[in-house]
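Once you've looked at the hints, dock chains B and C against the given chain A.
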Amino acid sequence: MHPVAVFDIITFLASLAALIVLLKGWKRALEPKAKLVFTGLLVFTMCYGFSLFVEWTWQTKVLDRIEDIIGALVPMWWAFVIYAFLAGIAEEELREREARFQELFDEAPVGYHELDTEGRIMRVNRTELDMLGYTAEEMLGKPVWEFSVDKEKSRDTVADKLAGDIPPGRVFERTLRRKDGNTLPVLVGVRLLRDKAGRISGIRSAIQNITERKRAEESLAEERSLLRTLIDNMPDNIFVKDIESRFVVANIAVAHFMGATTPDELLGKTDFDFYPQELAARYYADDQKVIQSGQPLVSREEPAVDAAGSRKWYSTTKVPLRDSRGKIVGLVGISRDITARKLAEEDSERLMQTLALKNEELESVLYVTSHDLRAPLVNIQGFSHELSRSCDLICSALRDKVPAADVGEKVRTALNKDVPEALGFIMTSAKRMDSLLSGLLRLSRLGQAAVNIEPLDMNAMLTDVTKSMEYQVKEAGATVDIESLPPCLGDASQINQVFSNILDNALKYLDESRPGVIRIYAKVEDGQSIYCVEDNGAGIAPEHQSKIFEIFHRLEPDKKSGEGLGLTIVRHILDRHNGKVWAESELGKGSKFFVSLPSV
Amino acid sequence: MKKEGVILIAEDDEGHFELIKRSLQRAGICNEILRLADGQETLDFLLIRGDGPKREPDKQYLLLLDIRMPKIDGIEVLEKVKQDPELKKIPVIMLTATDDPRTIERCHSLGCSVYIVKPVEYEDFADAVRKVGLLLSVVEVPQISRVK
Amino acid sequence: MIYEIFENEVVMLLIGVGVLIFILGSRPRLKRLPASKILIVGFYVLLVGWVLTVLEGFFCERLLDYLEHMCYAVSSVLVAIWCWKVFGSGPPSRKEAL
Numbered sequence: 001m002h003p004v005a006v007f008d009i010i011t012f013l014a015s016l017a018a019l020i021v022l023l024k025g026w027k028r029a030l031e032p033k034a035k036l037v038f039t040g041l042l043v044f045t046m047c048y049g050f051s052l053f054v055e056w057t058w059q060t061k062v063l064d065r066i067e068d069i070i071g072a073l074v075p076m077w078w079a080f081v082i083y084a085f086l087a088g089i090a091e092e093e094l095r096e097r098e099a100r101f102q103e104l105f106d107e108a109p110v111g112y113h114e115l116d117t118e119g120r121i122m123r124v125n126r127t128e129l130d131m132l133g134y135t136a137e138e139m140l141g142k143p144v145w146e147f148s149v150d151k152e153k154s155r156d157t158v159a160d161k162l163a164g165d166i167p168p169g170r171v172f173e174r175t176l177r178r179k180d181g182n183t184l185p186v187l188v189g190v191r192l193l194r195d196k197a198g199r200i201s202g203i204r205s206a207i208q209n210i211t212e213r214k215r216a217e218e219s220l221a222e223e224r225s226l227l228r229t230l231i232d233n234m235p236d237n238i239f240v241k242d243i244e245s246r247f248v249v250a251n252i253a254v255a256h257f258m259g260a261t262t263p264d265e266l267l268g269k270t271d272f273d274f275y276p277q278e279l280a281a282r283y284y285a286d287d288q289k290v291i292q293s294g295q296p297l298v299s300r301e302e303p304a305v306d307a308a309g310s311r312k313w314y315s316t317t318k319v320p321l322r323d324s325r326g327k328i329v330g331l332v333g334i335s336r337d338i339t340a341r342k343l344a345e346e347d348s349e350r351l352m353q354t355l356a357l358k359n360e361e362l363e364s365v366l367y368v369t370s371h372d373l374r375a376p377l378v379n380i381q382g383f384s385h386e387l388s389r390s391c392d393l394i395c396s397a398l399r400d401k402v403p404a405a406d407v408g409e410k411v412r413t414a415l416n417k418d419v420p421e422a423l424g425f426i427m428t429s430a431k432r433m434d435s436l437l438s439g440l441l442r443l444s445r446l447g448q449a450a451v452n453i454e455p456l457d458m459n460a461m462l463t464d465v466t467k468s469m470e471y472q473v474k475e476a477g478a479t480v481d482i483e484s485l486p487p488c489l490g491d492a493s494q495i496n497q498v499f500s501n502i503l504d505n506a507l508k509y510l511d512e513s514r515p516g517v518i519r520i521y522a523k524v525e526d527g528q529s530i531y532c533v534e535d536n537g538a539g540i541a542p543e544h545q546s547k548i549f550e551i552f553h554r555l556e557p558d559k560k561s562g563e564g565l566g567l568t569i570v571r572h573i574l575d576r577h578n579g580k581v582w583a584e585s586e587l588g589k590g591s592k593f594f595v596s597l598p599s600v
Numbered sequence: 001m002k003k004e005g006v007i008l009i010a011e012d013d014e015g016h017f018e019l020i021k022r023s024l025q026r027a028g029i030c031n032e033i034l035r036l037a038d039g040q041e042t043l044d045f046l047l048i049r050g051d052g053p054k055r056e057p058d059k060q061y062l063l064l065l066d067i068r069m070p071k072i073d074g075i076e077v078l079e080k081v082k083q084d085p086e087l088k089k090i091p092v093i094m095l096t097a098t099d100d101p102r103t104i105e106r107c108h109s110l111g112c113s114v115y116i117v118k119p120v121e122y123e124d125f126a127d128a129v130r131k132v133g134l135l136l137s138v139v140e141v142p143q144i145s146r147v148k
Numbered sequence: 001m002i003y004e005i006f007e008n009e010v011v012m013l014l015i016g017v018g019v020l021i022f023i024l025g026s027r028p029r030l031k032r033l034p035a036s037k038i039l040i041v042g043f044y045v046l047l048v049g050w051v052l053t054v055l056e057g058f059f060c061e062r063l064l065d066y067l068e069h070m071c072y073a074v075s076s077v078l079v080a081i082w083c084w085k086v087f088g089s090g091p092p093s094r095k096e097a098l
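Chains as they are written, first to last, in our numbering: chain A, 1 to 600; chain B, 1 to 148; chain C, 1 to 98.
Just chain A, with the same shape it has in the complex (with noise of 0.2 Å):
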């Protein structure tokens, strides 16, 4: 065989081979058209191939004419080839192209519509069909007002629009009605489309859903809403200034102290247009201070002026107020009107001085009472003792010098008895006028000595008292049981006094018909030690029971001792040390004295 016929067979079987393979592969790559234009660049050369083959195998001219005709198609073909192919990626692009702006269009972040000249809905995006909860087939094609909530103005609006009576560019709200019935406010835009003769030829509308920016703007509103109406209830002046202290907030509080009908009238003010200058001046020099430096300024208690022109005393606190960034914009003012309690506490210095006063001349009265009024009967007592002494003379004198006889018997009875019972007499109240004195000046020294609280062991204290009683509890032929007591706080020598009255108390008001029998017991209770001291011993009547604390009051004057003292000291004491004193009594049976003291 001729070398140039194995090239020429090779020619005609390669490419019969792809003919063969594009074939069977035919769905698989490239447009349709490009592959019968390369298909036939395949036939050709083929043919080319074959016809080369069997010139140069028999050295025959026989196909030299078609091997002519299909050798100039070859290129020829070629250039279809590359065209095709060329066309084809062309298409591709597009489509492309065309796919991603679906894809943009259906993806953006706004739904998007576009409507014919009828106001038809010709385009949608799937973000609008989520929206709206519809399919494209139930939306395309349906006039848009459809889905709107008002449909008459939406039909008057896109008619407006397809007229060319809306300048582009134009935002605006509407209400839609999803599938489910619920409503959707939207903003929406609005594009007009015109064919290439400039002819509006429909409307490209983004639809926005505003409902989450609706929701945030009501709950904001709420807010407010809210804030205002606390703001304006509140009874304490509430204010916000900015940094020159123009009143950017005001309540109507504020309002009415400055004046003003509503709080909108002192917007933009300073303290100037409505205080004294002096006044005024000192409200903003405080503003500044706390705008400066940052630092609130907490419960300053200041005079101030109110609208009346009363005076008026106010506690305010300036906090500095700031921005997102931290920047002092202004300041927060909260400002409460302490009149009432100012006056209050001027109104009880005033007391407290008073009082203070009261007590100074109380001990000088008591001090008076005890010096003076003692050094008369000082007198009374000496001089008696003198008159009895001179008396006692006389009669000493008339015994040894004249005869009994010659003395009247008058005189002799006036000497020896009317005289000295007299004097008896003025001595024994003078006595006992000493022992009021002096009981009333030691009342008035417990109410000055200092008390000196600390924890008493009180099963040793009154183990103490009835120890230096002994003598009277024998005497009185009594007993005397202390049972375990609790320990409580208090002046231990003054306690210790309370407990020596009630005894002596006790003892001194035994029935005499029984045995005495005495019981100390005690309880705590609310965090009190209550302690209780119990007789069987004469009672008291109902009717003195209230009594029993007074002053200088006492049961028997004539038959006990005492200065009707004891336990009024007694409830002293216990008054200074927040205790308490109180009793419980029959008559006939006997008494309970009832202490209680802060237990430890």
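Keep in mind the hints are simulated off the structure, nothing from the lab.
This structure is a prediction, so every number in the text was calculated from the model and none was measured.
Any given hint could turn out to be false.
Listed below are the simulated BS3-like cross-link pairs for lysine-lysine, each with C-alpha atoms no more than 27 Å apart in a straight line [to be verified]:
1) A:Lys312 / A:Lys358
2) C:Lys85 / A:Lys27
3) A:Lys269 / A:Lys289
4) B:Lys131 / B:Lys21
5) A:Lys179 / A:Lys151
6) C:Lys31 / A:Lys33
7) B:Lys131 / A:Lys431
8) A:Lys33 / C:Lys85
9) B:Lys82 / B:Lys21
10) B:Lys131 / B:Lys89
11) A:Lys547 / A:Lys358
12) C:Lys31 / A:Lys24
13) A:Lys289 / C:Lys37
14) A:Lys508 / A:Lys523
15) B:Lys21 / A:Lys431
16) C:Lys37 / A:Lys27
17) C:Lys85 / A:Lys592
18) A:Lys27 / C:Lys31
19) A:Lys358 / B:Lys71
20) A:Lys214 / A:Lys269
21) A:Lys289 / A:Lys327
22) A:Lys24 / C:Lys37
23) B:Lys59 / B:Lys82
Same frame as chain A, now just chains B and C:
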């Protein structure tokens, strides 16, 4: 105390003075007794001024002092006496009706020698004064101004 | 006529050069074709064959004739390989397809 020593009794109450004097005399004190009616008179006497009687520099004195007196009270007198470099040598016995512990405390801190409360009970009173008398009979009183 | 020039062959060459220019001009686009290099090289080889056809009329007739036919064969084989690459293997997928 030597016979020439003078007992000064600063006492506004004449009755009290009389009772004190009698009790002292009954207790066997026979020194000269001089009554000064109030604090002013007492100070005038001691400081040698005014119109009334005056202290004689060479004599020995002892002062019985009441507290509540018109014009100048006993505590002030005590204070003045104890501040004076010469007079402070005079023994001062407070003899007064008040038994206020604070007053007693104050008198002692100012430098009184003895503090006695006047008892109302006559027997007690006489007894107290008698004891003062006994005290006076044994104490030695310094001379105020030494011979230079 | 000394040289055996067939106007037929010149026409082939001219058309071929035109196609070459066309290919060169739209090469960026053609690159999107799968395995485009094989196809284009196949064309280049074919074009060389055509050049040789014209040249063999002037000198080395036999050698150039050999080479010419060899070029045709190589070109066909390359085109067949291209076909195999594009249609012959693998399932149809969007990416490979045009």
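Structure-based check of all given hints:
1. A:Lys312 / A:Lys358: At roughly 31 Å apart (the allowed maximum being 27 Å), Lys358 (chain A) and Lys312 (chain A) break the hint.
2. C:Lys85 / A:Lys27: holds, 14 Å
3. A:Lys269 / A:Lys289: holds, 19 Å
4. B:Lys131 / B:Lys21: Given pair Lys131 (chain B), Lys21 (chain B) holds - Cα atoms ~13 Å apart, limit 27 Å.
5. A:Lys179 / A:Lys151: holds, 15 Å
6. C:Lys31 / A:Lys33: Status holds; Cα separation ~19 Å.
7. B:Lys131 / A:Lys431: Status holds; Cα separation ~22 Å.
8. A:Lys33 / C:Lys85: Holds - the C-alpha atoms of Lys85 (chain C) and Lys33 (chain A) are around 19 Å apart, at most 27 Å.
9. B:Lys82 / B:Lys21: holds, 25 Å
10. B:Lys131 / B:Lys89: holds, 22 Å
11. A:Lys547 / A:Lys358: Status holds; Cα separation ~26 Å.
12. C:Lys31 / A:Lys24: holds, 25 Å
13. A:Lys289 / C:Lys37: violated, 82 Å
14. A:Lys508 / A:Lys523: With a Cα-Cα distance of about 26 Å, the restraint between Lys508 (chain A) and Lys523 (chain A) holds, given a limit of 27 Å.
15. B:Lys21 / A:Lys431: This hinted pair holds, its Cα atoms lying about 22 Å apart.
16. C:Lys37 / A:Lys27: With a Cα-Cα distance of about 22 Å, the restraint between Lys37 (chain C) and Lys27 (chain A) holds, given a limit of 27 Å.
17. C:Lys85 / A:Lys592: violated, 123 Å
18. A:Lys27 / C:Lys31: Within the cut-off at roughly 21 Å; holds.
19. A:Lys358 / B:Lys71: This hinted pair holds, its Cα atoms lying about 25 Å apart.
20. A:Lys214 / A:Lys269: violated, 34 Å
21. A:Lys289 / A:Lys327: holds, 15 Å
22. A:Lys24 / C:Lys37: Distance of about 23 Å is within 27 Å: holds.
23. B:Lys59 / B:Lys82: Status holds; Cα separation ~18 Å.
Comparing the model with each numbered hint stated earlier shows that hints 1, 13, 17 and 20 do not hold.
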